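Enquirer: This is what each chain is made of:
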Amino acid sequence: MICFDKVSKRYATGQEALSGLTLNLDAGEMAFLTGHSGAGKSTVLKLVMLMERPSQGQLLINGKNLGRLHRSQIPYYRRNVGVVFQNHQLLFDRTVFDNVALPLLVSGYQPREVGRRVRAALDKVGLLDKEKQNPITLSGGEQQRVGIARAVVHKPRILLADEPTGNLDPELSSEIMNLFRDFGEVGVTVLIATHDIDLISRMGLRVLQLQQGRLASDERPVHVG
Amino acid sequence: MSANRWQKQDRRPSAERKVGVGKKPPIKEPRRGASGGQVGWSDKLKSYLQHHQQLLVSTSRKLLAEPVQTLMTSLVVAIALGLPAALYLGIVNLEQLGSRVETTAQLTLFLNKSASDETIGQLRQNLSEDADIRSVRYISRAQALTEFRELSGFGDVLEMLEENPLPAVLLVQPDNRFQGDLVASEALVARIMALPGVDEVRLDMKWMERLQAILSVGERLALALALALSMGVLLIVGNTIRLAIENRRDEIVVVKLVGGTDNYVRRPFLYTGVWYGLIGGVLAWVLVALALFSLSGLVSRLAALYQSVFELEGLGLVGLLYLMAAGALLGLVGAWLAVARHLSSIEPG
Numbered sequence: 001m002i003c004f005d006k007v008s009k010r011y012a013t014g015q016e017a018l019s020g021l022t023l024n025l026d027a028g029e030m031a032f033l034t035g036h037s038g039a040g041k042s043t044v045l046k047l048v049m050l051m052e053r054p055s056q057g058q059l060l061i062n063g064k065n066l067g068r069l070h071r072s073q074i075p076y077y078r079r080n081v082g083v084v085f086q087n088h089q090l091l092f093d094r095t096v097f098d099n100v101a102l103p104l105l106v107s108g109y110q111p112r113e114v115g116r117r118v119r120a121a122l123d124k125v126g127l128l129d130k131e132k133q134n135p136i137t138l139s140g141g142e143q144q145r146v147g148i149a150r151a152v153v154h155k156p157r158i159l160l161a162d163e164p165t166g167n168l169d170p171e172l173s174s175e176i177m178n179l180f181r182d183f184g185e186v187g188v189t190v191l192i193a194t195h196d197i198d199l200i201s202r203m204g205l206r207v208l209q210l211q212q213g214r215l216a217s218d219e220r221p222v223h224v225g
Numbered sequence: 001m002s003a004n005r006w007q008k009q010d011r012r013p014s015a016e017r018k019v020g021v022g023k024k025p026p027i028k029e030p031r032r033g034a035s036g037g038q039v040g041w042s043d044k045l046k047s048y049l050q051h052h053q054q055l056l057v058s059t060s061r062k063l064l065a066e067p068v069q070t071l072m073t074s075l076v077v078a079i080a081l082g083l084p085a086a087l088y089l090g091i092v093n094l095e096q097l098g099s100r101v102e103t104t105a106q107l108t109l110f111l112n113k114s115a116s117d118e119t120i121g122q123l124r125q126n127l128s129e130d131a132d133i134r135s136v137r138y139i140s141r142a143q144a145l146t147e148f149r150e151l152s153g154f155g156d157v158l159e160m161l162e163e164n165p166l167p168a169v170l171l172v173q174p175d176n177r178f179q180g181d182l183v184a185s186e187a188l189v190a191r192i193m194a195l196p197g198v199d200e201v202r203l204d205m206k207w208m209e210r211l212q213a214i215l216s217v218g219e220r221l222a223l224a225l226a227l228a229l230s231m232g233v234l235l236i237v238g239n240t241i242r243l244a245i246e247n248r249r250d251e252i253v254v255v256k257l258v259g260g261t262d263n264y265v266r267r268p269f270l271y272t273g274v275w276y277g278l279i280g281g282v283l284a285w286v287l288v289a290l291a292l293f294s295l296s297g298l299v300s301r302l303a304a305l306y307q308s309v310f311e312l313e314g315l316g317l318v319g320l321l322y323l324m325a326a327g328a329l330l331g332l333v334g335a336w337l338a339v340a341r342h343l344s345s346i347e348p349g
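Heads up: the protein sequence lines correspond to chains E and V, in order.
For the first sequence, position 166 (counting from the first letter as 1) is numbered 166 according to our numbering, and the numbering increases by one without interruption.
For the second sequence, position 210 (counting from the first letter as 1) is numbered 210 according to our numbering, and the numbering increases by one without interruption.
Simulated from the structure, these hints should not be mistaken for lab results.
Incorrect hints may appear among the rest.
[Stated by the list, open to error] Pairs of lysine-lysine, BS3-like flavour, derived with a Cα cap of 27 Å: (1) E:K46 to E:K6; (2) E:K64 to V:K44; (3) V:K46 to E:K132; (4) V:K113 to E:K132.
[To be verified] If you anchor each label on the Cβ, the simulated ranges turn out as follows: (5) V:F293 to E:N134: 18 to 28 Å; (6) E:E113 to V:E219: 49 to 59 Å; (7) E:P170 to V:Q53: 19 to 29 Å; (8) E:N134 to V:L227: 22 to 32 Å; (9) E:D93 to V:W41: 50 to 60 Å; (10) E:D26 to V:E246: 17 to 27 Å; (11) E:E113 to V:L295: 24 to 34 Å; (12) E:G67 to V:Q50: 33 to 43 Å; (13) E:D93 to V:A291: 39 to 49 Å.
[As the list claims (entries may be wrong)] Here chain E is said to cover these stretches of chain V; the calculated rule only asks that three of the stretch's residues, wherever they fall, bring their Cβ under 8 Å from a Cβ of chain E: (14) 63-70; (15) 119-132; (16) 217-226.
Note that this is a predicted model, so its numbers are computed, not measured.
No residue lacks a Cβ here, since even glycine has one placed at the ideal position from N, Cα and C.
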């Protein structure tokens, strides 16, 4: 589903964020992306989101070369990807419902369908009773869950998360991670960038470790039974 | 229910998903099945229209929520639209005045002082039989003197003169077909000049010609002013929209991240620009109407002094529509320019 083939990324500043990274994630697979800050975690996510383009190498998503995608097609591509940000990127000028509805509205869903899907997503993250509130009135963990609801409301094939548990206490963190695992189990390809080592080890999932823009290790969980 | 919802997702092998992809890349193709993010064309069209409808309301609400900013921008637009409109209106009114004078345009024949009554009588008869002439009025030297004495108040001065200095006058009203036809009128003047006893013929259309020339210069001026001020409107609306774009940077980033197209992002700003233009157009009309109202009293008093009834012509409903259309168009273009210039610089990342 996500396939990096000797991808390098050099920013205009001259900083080389990725150098010849090769990695492969199957459809429905869930993995953690870890490494020191500056190891290239965010760059990987930005490349998949088409917020950046590779300087070298190829990035294939679902067998399609993203390098061939014209700028005007980027919006349609992004509708297949959901992203959760560390700082949630919620809009505080509208309700929780309207925040979550945004991906559906830009894709042209009908209001009735929007309402149904938004409520399903909010129900999934346990915030159905807060749909009319402004996200600014919610706690950090709740805001993060609104962000997750928005990332999955349009049922993307790929779900990305950048430090989704960054500011949360361990209990909330594992709650959030369990949510991600639920999505992984229903066939969504999930890639989570984090440096929360404790959490990762508890989850027992594939861990991709980046070091200076390269894949330093790729540990797959040992299946029991 | 929640867990089940996500488990219903249809995850067919990728080869199967590619079926029916058509011209579009599969990545763009909405997924099929119970889980799919599929939106049909009719739904898309419906949503597109709904988005427009909803923006019509939401953008106007936003403007109403910031009345001072809205009024300032619209007022500047109004002044920029109102000035050329007022100038144009002035020209229209002068033309109206001109055309009214034109209907009374007549030839004044000053007769030779030494012309005998017989010659004058013959001349009067000839002229009244002339097919080119509608009417002839004779003012004898004595009548002219009386009139002059009554109207000018210089009667005493005339007493001192030995002889009546005024010539006899024939006021000739040409046929209607000479109206506004300067060439034909001048030919008529030349023909009458040649008649015996006529000293001089004055055509009261000379100054009409000059007025026409001045008015056409004024028209050009109004056009040039309108063009220059249109650029001003573009800049004003563009700048306001630029600020609006800056204020909504976060929203734009999020919309782009969740797959909003450039058109989707652009739309609210274009609507806002059109609103500014429309409000500016209406305000311009109001400003011109106010100016006209404040002038109308003066003008009718002035007209009364000339024993005439003259009413200033306003812009009317058609003028209002034109101003609104011009405002809306300029607002749209101004917003478009701002959006084209600043929106592409806002990218997530």
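Enquirer: Now tell me, hint by hint, if it's right for this structure.
Expert: Checked hints:
1. The straight-line distance between the Cα atoms of K46 of chain E and K6 of chain E is roughly 16 Å, inside the 27 Å bound, and the hint therefore holds.
2. For a cut-off of 27 Å, the pair hint linking K64 of chain E to K44 of chain V stands: about 25 Å separates their Cα positions.
3. Between K46 of chain V and K132 of chain E the CA atoms are separated by roughly 25 Å; this keeps the pair inside 27 Å, and the hint holds.
4. Taken as a hint, the K113 of chain V and K132 of chain E pair is broken in the structure, with Cα atoms around 100 Å apart against an allowance of 27 Å.
5. For F293 of chain V and N134 of chain E, the Cβ-Cβ distance of about 48 Å falls outside the hinted range of 18 to 28 Å, so the restraint is violated.
6. The hint said 49 to 59 Å for the Cβ distance between E113 of chain E and E219 of chain V, and at roughly 57 Å that hint holds.
7. Between P170 of chain E and Q53 of chain V the Cβ separation comes to about 48 Å, which falls outside the hinted range of 19 to 29 Å.
8. For the pair N134 of chain E and L227 of chain V, the supplied restraint of 22 to 32 Å is violated, since their beta-carbon distance comes to about 47 Å.
9. Evaluation of the 50 to 60 Å hint for D93 of chain E and W41 of chain V yields a failure: the beta carbon distance comes to about 31 Å.
10. A hinted range of 17 to 27 Å for the beta carbons of D26 of chain E and E246 of chain V is inconsistent with their spacing of about 43 Å.
11. Checked against the hint of 24 to 34 Å, the pair E113 of chain E and L295 of chain V fails, with Cβ atoms roughly 59 Å apart.
12. A beta carbon spacing of about 36 Å between G67 of chain E and Q50 of chain V agrees with the range 33 to 43 Å that was offered as a hint.
13. Between D93 of chain E and A291 of chain V the Cβ separation comes to about 41 Å, which falls inside the hinted range of 39 to 49 Å.
14. Check result for the segment 63-70 of chain V against chain E: violated, 0 residues qualifying (beta carbon to beta carbon below 8 Å, three or more required).
15. Interface restraint, the segment 119-132 of chain V with chain E: violated (0 residues with C-beta to C-beta distance below 8 Å; minimum three).
16. Here's how the segment 217-226 of chain V fares: 0 of its residues keep a CB closer than 8 Å to some CB of chain E, so the rule of at least three is not met and the hint is violated.
Checked against the numbered hints above, the structure violates hints 4, 5, 7, 8, 9, 10, 11, 14, 15 and 16; every other hint is satisfied.
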